[in-house]
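Sequences and hints are given; from them, build the entire structure.
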Amino acid sequence: MFKLLISLALLLWVNTSFAISLIVNDSVSFSPDSSKDIRNIFTLQQTHWENGNKIQVFVFPDDNDVHQQFSKSVTQMFPYQYRRIWDRVTFSGTGLAPTIVNSMEEMLEKVSQTKNSIGYIENIDKHQSIRVIILQGDENEAQ
Amino acid sequence: MKHNKRYFHASLLQKGLLSLLLALWIQPAFAIELADNIQVHGFLTQGAFYTSDNNYNGDSDDDVSFDQTEIGLNAFWQVNDRVDFSVQGLYRKAGKVENGDVRLDYGMMNVNLFNDENNHFGLRLGRIKNPIGLYNETRDVAFTTPSILLPQSIYLERSRSLLVASDGGQLFSKHQLGDGWLSIKLNYGNTHNDNDEIRDQMFVSYAHGDLDSEDGSFVGQIKYNYQSDKYIFALSYADVTLEYDSSSRDLIPFADGTARFSPYIFSAQYNGEKLSLTTEYYYSENEFKDFGAYSPDLSPITTNWYVQGEYRLSHKWQAIMRYDESYLDKDDRSGKNYEAMGAPGHMGFTKDSMIGVRWDIRPDVMLRAEYHNINGTSWLPNADNPDRKETKRYWDLFSLQMSYRF
Chain B
1 MFKLLISLAL LLWVNTSFAI SLIVNDSVSF SPDSSKDIRN IFTLQQTHWE
51 NGNKIQVFVF PDDNDVHQQF SKSVTQMFPY QYRRIWDRVT FSGTGLAPTI
101 VNSMEEMLEK VSQTKNSIGY IENIDKHQSI RVIILQGDEN EAQ
Chain U
144 MKHNKRYFHA SLLQKGLLSL LLALWIQPAF AIELADNIQV HGFLTQGAFY
194 TSDNNYNGDS DDDVSFDQTE IGLNAFWQVN DRVDFSVQGL YRKAGKVENG
244 DVRLDYGMMN VNLFNDENNH FGLRLGRIKN PIGLYNETRD VAFTTPSILL
294 PQSIYLERSR SLLVASDGGQ LFSKHQLGDG WLSIKLNYGN THNDNDEIRD
344 QMFVSYAHGD LDSEDGSFVG QIKYNYQSDK YIFALSYADV TLEYDSSSRD
394 LIPFADGTAR FSPYIFSAQY NGEKLSLTTE YYYSENEFKD FGAYSPDLSP
444 ITTNWYVQGE YRLSHKWQAI MRYDESYLDK DDRSGKNYEA MGAPGHMGFT
494 KDSMIGVRWD IRPDVMLRAE YHNINGTSWL PNADNPDRKE TKRYWDLFSL
544 QMSYRF
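So the protein lines, in turn, are chains B and U. Its first residue numbered 1, the first sequence is counted upward by one per residue in this note's numbering. Its first residue numbered 144, the second sequence is counted upward by one per residue in this note's numbering.
I should point out that these hints are in silico values taken from the structure, not numbers from a laboratory. Please note that the accuracy of each hint is not assured.
[Claimed, not checked] Partial selection, computed: residues in chain U whose CB lies under 8 Å from chain B:
1) Asp179
2) His184
3) Gln221
4) Ser229
5) Gln231
6) Glu260
7) His263
8) Lys272
9) Thr287
10) Thr288
11) Lys317
12) His318
13) Glu513
14) Asn516
[Unchecked claim] Heads up, simulated SDA-like pairs for lysine to any residue below, C-alpha to C-alpha not over 20 Å straight-line:
15) U:Lys366 / B:Gly95
16) U:Lys459 / B:Arg83
17) B:Lys54 / U:Lys479
18) B:Lys36 / U:Tyr374
19) U:Lys417 / B:Asp62
20) U:Lys417 / B:Gln68
21) B:Lys54 / U:Leu256
22) U:Lys366 / B:Asn64
23) B:Lys36 / U:Lys373
24) U:Lys479 / U:Asp530
25) U:Lys373 / B:Ser34
26) U:Lys373 / B:Tyr80
27) U:Lys417 / B:Gln69
28) U:Lys373 / B:Ala19
29) U:Lys459 / B:Asn64
30) B:Lys72 / U:Lys366
31) B:Lys36 / U:Tyr413
32) U:Lys459 / B:Asp62
33) B:Lys110 / U:Asn180
34) B:Lys115 / U:Lys366
35) U:Lys373 / B:Lys115
36) U:Lys417 / B:Pro79
37) B:Lys36 / U:Tyr367
38) B:Lys115 / U:Val222
Yeah, the Cβ is synthetic: ideal placement off N, Cα and C, and Gly gets one too.
Written as structure tokens, this is what we have:
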């Protein structure tokens, strides 16, 4: 369906046994220096990429293990804090909350097909690191 | 204000709502997505109230009232990277204060004027929620509030209509500052003019004219979020002037005077993994003038505050405790001015100690219960308690609430 281009690896080390990879659509150029840079996006403080395009955020449900690990280990946040922030934005009309996806397949599919999007997955190779994996839709290629 | 009926009287609508809640239970959903750039969300909330004395949200005195229903439906449309539109309709029933009308809660165009990684400037036009304290912008959305009753010291139901939203514009900005964001919101516009509760508090139900804001009102907030809400500090300010248009039905001949409210609200919150601590302080200089011989000019200072602790026992269970105190006139703490008008002195203050529990049955369904031990009646709704002489100084309130959102 699509291919993974692992083009940026080992951007940031964190102390966790549960490894998470950030994934971005191939339209996005993003190289976080710290967990703050990632947090700014998922808390909707930073709403646009450097090139001015609006960021599309995909996340797993609040009680999902990968979401909990992402919240705590990658961004030093608790899932309830994200929920509060997203609800405040959603019900005051001041922004678009992240879109919830329910499986790793759906996450990969959405991020590969949505321009300016970012999400996260459980690390495929279990390395203890955060990586940014760029996903590229392959509509131009033959199946 | 005694009622002999001991049965639960729920309206047809409320029964329908409960059925809908049950139906939604079976088919959970989180947001309806029509397209990548359009989202639709909503919520349904039903409350139940029992009070030992006095009425809150309907006939709750020694009875159970179901007269609290809130239904909201909103849509957000991202037109392009710079412009979006958002709208929310709200049905709200709150005792005899709000009879259950559907209203536009907010409806606005949002324009991003400038963005980079560290700065954000924008403009909103339309009906915009007012940034007051930590909860005002989503005060009717149960999932976003800490308790069934918001702390009345800051989020007084009486001034809800006045302060909930502005029809006008908002300038907003965000700046990254250290490991946090400094945000500023400045609203200017017309407020909703349904201020009978404020009028009845000022004139103890002797007046029947309209109390409306003729000119635009200002509401602004400066807020600093350190480490994405680990610590939040905010200062909010509002400046609202209401003009009285006397009525031939006035029991006392009041003149067409003005009432001006200019509150400052200081907010601070800490959010840890298990514990959240919150305090807010309200200081308002009020001015009542030119209401004639029967209502001398006054400039009382209102000082209110609360302190609140929330504890997350698990991701499904939360406990909350709060102490909440209000004095409408800090120099008349026992309410002697109300006694002079033939009303009970306890209209001038309230001390409310509460304890509650919240159960998140599912991410989209929540049930909570709380108990309040209350001394004073300053925030008791006038519509539910038309004869203030009948009200009691010491009272207890129990409440249950169920809410669903998608």
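Hint check, failures only = Going through the list in order, the structure violates hints 10, 12, 13, 14, 17, 22, 28, 30, 34 and 35 and respects the others.
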